[in-house]
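4 protein chains.
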Amino acid sequence: MKELIAELEFDIRFSETDAMGVVWHGNYLKYFEDGREAFAKKHGMSYLEIHSHHYFVPIVKSEINHKSPIYYGQRAKIITKMIPSKAAKIIFEYEIINLSTQLISAKGRTIQVFLREKSRELELQFPTFYLDWEKKVGVKK
Amino acid sequence: MKELIAELEFDIRFSETDAMGVVWHGNYLKYFEDGREAFAKKHGMSYLEIHSHHYFVPIVKSEINHKSPIYYGQRAKIITKMIPSKAAKIIFEYEIINLSTQLISAKGRTIQVFLREKSRELELQFPTFYLDWEKKVGVKK
Amino acid sequence: MKELIAELEFDIRFSETDAMGVVWHGNYLKYFEDGREAFAKKHGMSYLEIHSHHYFVPIVKSEINHKSPIYYGQRAKIITKMIPSKAAKIIFEYEIINLSTQLISAKGRTIQVFLREKSRELELQFPTFYLDWEKKVGVKK
Amino acid sequence: MKELIAELEFDIRFSETDAMGVVWHGNYLKYFEDGREAFAKKHGMSYLEIHSHHYFVPIVKSEINHKSPIYYGQRAKIITKMIPSKAAKIIFEYEIINLSTQLISAKGRTIQVFLREKSRELELQFPTFYLDWEKKVGVKK
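Quick note, the sequences are listed as chains A, B, C and D, same order.
Numbering-wise, our numbering puts 35 at position 35 of the first sequence, and it's gapless, one number per residue.
Numbering-wise, our numbering puts 63 at position 63 of the second sequence, and it's gapless, one number per residue.
Numbering-wise, our numbering puts 129 at position 129 of the third sequence, and it's gapless, one number per residue.
Numbering-wise, our numbering puts 112 at position 112 of the fourth sequence, and it's gapless, one number per residue.
FYI, nobody ran anything at the bench for these hints, they're computed from the structure.
Certain hints may be false.
So, partial list: chain D residues that the calculated Cβ filter (under 10 Å) puts toward chain C [unchecked claim]:
1) D11
2) F14
3) E16
4) M20
5) G21
6) V22
7) W24
8) G26
9) N65
10) S68
11) Y72
Here are the in silico distance ranges between beta carbons for each label pair [what the hints assert, rightly or not]:
12) R75(B) / I104(C): 26 to 32 Å
13) N65(D) / K77(A): 31 to 37 Å
14) I104(A) / T101(B): 37 to 43 Å
15) Y71(A) / D132(C): 29 to 35 Å
16) L48(A) / R120(D): 41 to 47 Å
No residue lacks a Cβ here, since even glycine has one placed at the ideal position from N, Cα and C.
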């Protein structure tokens with residue numbers, strides 16, 4: 001089965017570091033967001049496209065496992081992989097690699113659900129436009 | 001004339017520091033925002049009240065002058081002062097004091113304007129609800 | 001057994017919201033950090049005290065489960081609980097309650113390890129100063 | 001005289017927006033920082049190079065003038081221009097253009113000074129390594 005993956009290289013912002021001299025741990029969730037954007041640029045189904053169908057897809061769970069730090073001045077890469085889900089959820093796994101050391105810096109995972117824009121009620125089934133997209137890009141489950 | 005002032009004491013968040021070990025300069029704009037919130041708690045006219053009248057008051061100009069750093073673990077105070085304006089603007093001046101050193105850490109200033117919520121058009125005159133509030137709290141211009 | 005807990009009430013910063021009108025999910029890690037600070041204020045063993053013993057305690061794992069959103073203008077409470085650990089780790093669990101709705105907004109968990117300041121090497125045993133503190137405050141494991 | 005300029009195009013991060021649906025005003029200082037990084041990539045004299053000479057160059061003054069908002073999903077460009085200074089200061093001016101509307105979103109200015117790394121004392125004269133760089137890239141004053 002074809003894996004749905006996107007890669008993005010990026011520099012560390014000085015404002016993202018903390019007084020230990022490394023990227024503040026919470027900023028990895030910004031990198032995960034950048035990873036999802038890169039994924040949408042490559043494969044489609046951006047936040048704005050989802051929103052045009054009157055849905056929000058908020059994060060309901062996120063998890064970060066830190067393996068090694070990233071210092072200011074270092075360059076990194078995030079690999080974002082979609083994990084097929086039978087339930088009406090969008091699941092991504094992430095791997096951040098410190099390109100200056102070639103070490104894995106962090107691994108992570110997020111889960112998003114579908115909320116109807118107006119009522120903010122949870123959608124228990126995948127919306128049709130999303131299933132169509134899954135078929136088009138070849139998500140197998 | 002009575003000065004309209006609010007004071008707020010706060011601790012530095014670790015996530016607000018940078019790799020130089022001090023508060024990252026851009027985070028002072030968060031402290032200015034906290035200062036405006038403290039002002040609204042004391043004197044009224046919060047963002048939500050303004051919004052209930054169908055206006056936004058975005059920042060159109062901000063300025064920070066840094067005098068001395070604040071390190072993690074230090075405590076600070078922000079003094080927020082309203083500057084009366086004849087034009088339809090909300091002007092605040094700020095002073096941030098590092099309570100651990102008693103030194104002034106920064107001085108600043110922001111200017112906000114009134115935008116109509118729906119059209120996002122600039123309001124060239126103070127809205128009536130705002131003039132009423134100015135009269136009530138004693139803004140002299 | 002006595003539970004080691006600290007509670008902190010706080011207002012949402014406007015800068016912490018996103019274009020969905022709610023607190024951006026990544027900012028919950030800032031609240032968890034605020035929770036740990038409140039814990040240290042109540043029970044001791046702050047970052048600075050740990051640092052004075054030449055250790056860093058970076059986050060190696062964090063997890064957030066979002067249950068309901070927090071809107072700008074709402075007030076929240078974070079309950080931070082220390083989970084006793086036999087391995088040389090500091091484990092906290094968090095619960096964030098939206099005080100305006102009385103709903104749980106999020107639950108989470110972080111794990112920290114001990115790194116020697118200079119070498120940045122992992123310490124596999126609890127440092128003595130930390131065990132002394134655990135005894136003093138009554139951590140049972 | 002040759003102008004020292006660098007340009008950088010970038011997408012808006014969702015986490016940079018606020019509940020008004022636009023980029024939170026304080027985040028423009030992150031874009032200014034990105035502009036300085038792009039400048040250093042093109043012309044040299046990065047933070048790390050300055051640091052290798054045992055200096056910090058903290059921001060002592062920053063100013064932002066907001067002209068029009070940037071919404072999530074829009075792309076922007078920052079133009080960073082070095083302003084020659086006779087006093088021992090590094091002065092940059094910035095222009096941020098919303099590429100989706102072709103409108104200027106903001107103009108700004110920052111001033112940095114030279115601090116000796118250890119003593120954190122202000123350096124009143126340009127350090128020699130910096131004057132050499134100015135000569136090399138052709139800063140005229």
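Now for the hints, and whether the structure bears them out:
no. : hint                          : result
1   : D11                           : violated (14 Å)
2   : F14                           : holds (6 Å)
3   : E16                           : holds (9 Å)
4   : M20                           : holds (8 Å)
5   : G21                           : holds (5 Å)
6   : V22                           : holds (8 Å)
7   : W24                           : holds (5 Å)
8   : G26                           : holds (6 Å)
9   : N65                           : violated (19 Å)
10  : S68                           : violated (17 Å)
11  : Y72                           : holds (5 Å)
12  : R75(B) / I104(C): 26 to 32 Å  : holds (31 Å)
13  : N65(D) / K77(A): 31 to 37 Å   : holds (36 Å)
14  : I104(A) / T101(B): 37 to 43 Å : holds (41 Å)
15  : Y71(A) / D132(C): 29 to 35 Å  : holds (33 Å)
16  : L48(A) / R120(D): 41 to 47 Å  : holds (46 Å)
Violation of the numbered hints given earlier is confined to hints 1, 9, 10; the remaining hints are satisfied by the structure.
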